[in-house]
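Visitor: The listed protein sequences correspond, in order, to chains A and B.
If you count the first sequence from 1, position 80 lands on 80 in UniProt numbering, and the numbers rise without skipping.
If you count the second sequence from 1, position 66 lands on 66 in UniProt numbering, and the numbers rise without skipping.
Hint data in this document are derived by calculation from the structure and do not stem from the laboratory.
Take these hints with a grain of salt, some might be off.
Stated by the list, open to error - Straight-line alpha carbon distances no greater than 30 Å define the calculated DSS-like cross-link-like pairs of lysine-lysine that follow:
1. B:K49 x A:K137
2. A:K132 x B:K47
3. B:K49 x A:K132
Number of protein chains: 2
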Amino acid sequence: MAPPPSTVVSPVVALVIRVLTLVFLLVSVIVIATTTATSGAGPTEVKIKFDDFYAYRYMLAAGVIGIGYTLLQTAFTIFQVSTGNRLGGDGFTLLDFYGDKALSYMLATGAAAGFGLTVDLNRGSGSDSDTKSFLNKANAAAALLFIAFIFSAVSSVFSSFSLPKRT
Amino acid sequence: MAPPPSTVVSPVVALVIRVLTLVFLLVSVIVIATTTATSGAGPTEVKIKFDDFYAYRYMLAAGVIGIGYTLLQTAFTIFQVSTGNRLGGDGFTLLDFYGDKALSYMLATGAAAGFGLTVDLNRGSGSDSDTKSFLNKANAAAALLFIAFIFSAVSSVFSSFSLPKRT
Chain A
1 MAPPPSTVVS PVVALVIRVL TLVFLLVSVI VIATTTATSG AGPTEVKIKF
51 DDFYAYRYML AAGVIGIGYT LLQTAFTIFQ VSTGNRLGGD GFTLLDFYGD
101 KALSYMLATG AAAGFGLTVD LNRGSGSDSD TKSFLNKANA AAALLFIAFI
151 FSAVSSVFSS FSLPKRT
Chain B
1 MAPPPSTVVS PVVALVIRVL TLVFLLVSVI VIATTTATSG AGPTEVKIKF
51 DDFYAYRYML AAGVIGIGYT LLQTAFTIFQ VSTGNRLGGD GFTLLDFYGD
101 KALSYMLATG AAAGFGLTVD LNRGSGSDSD TKSFLNKANA AAALLFIAFI
151 FSAVSSVFSS FSLPKRT
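So here's chain A without its partners, still in its complex pose (with noise of 0.2 Å):
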């Protein structure tokens, strides 16, 4: 038999959890790209930016990738819930299964490299008060990342049930 290409769940509530994933996306990336600090003063200042670290520019470009998978999803799922049709088939099921899958682990990954450097920086940095406040934007932005880790977790989970079963 050949299974039906419908979804497991609501499209209503797919659309629900692509936007919510979307706005802590954008608000994660808002935050890593416009933090910056100075360290030092007068002749030995130094301006710090995100991009002085190899975890925060992987934390960003992982925000950015996933906005742009993820704002491409939610269009599909407004077509899918004002027409009631599923764009494609069970090819388009099973690339929603990987994609979702990949996205999942992306933002897992930029989210705990963004943890993994800044707790350990924030525990060696001294009483800055200015590094101090840009290491704690950086952990929000870690934070908010992976708020959206755990909603793209629910979109891949709900794309795997929606599986066609092969036998």
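We have chain A already, so just place chain B on it with the hints.
Guide: For chain B alone, kept in the frame of chain A given last:
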């Protein structure tokens, strides 16, 4: 119709993937747990160990939990290969699905946290060769954990395809 509780891939393939996950997890845990370095000399000498860094502690924790879970799954798969029966039914399939998914996220974040810290510490570290060697070993442990993650992600794809189709 009630879908059969069979898995999609051959149990032997599933077993090989589990054993590979286990091997890489074991080596990763041994490398990170045994790595030490001595910084400075004489009275200012400081011993550095993995548990001085939260990111490496998390990496070790993820590896150890991964070993426990993968050992259990390996035992179940050996049982399946030798008897031809899978323990439980659809309930077990669901447990596999969520367990494999959770484990692969844990290993991915463990490796990413390790890389996130190590890459930037490595750039900041001076010419102290003992510290450099410590960071290189931590990097190797993260890389091994990442390979274990790849295998666990494959297991997770298998268990997703084995999900009963819900209609």
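Visitor: List in ascending order the numbers of the hints, as given earlier, that are violated by the structure.
Guide: No hint contradicted; all consistent.
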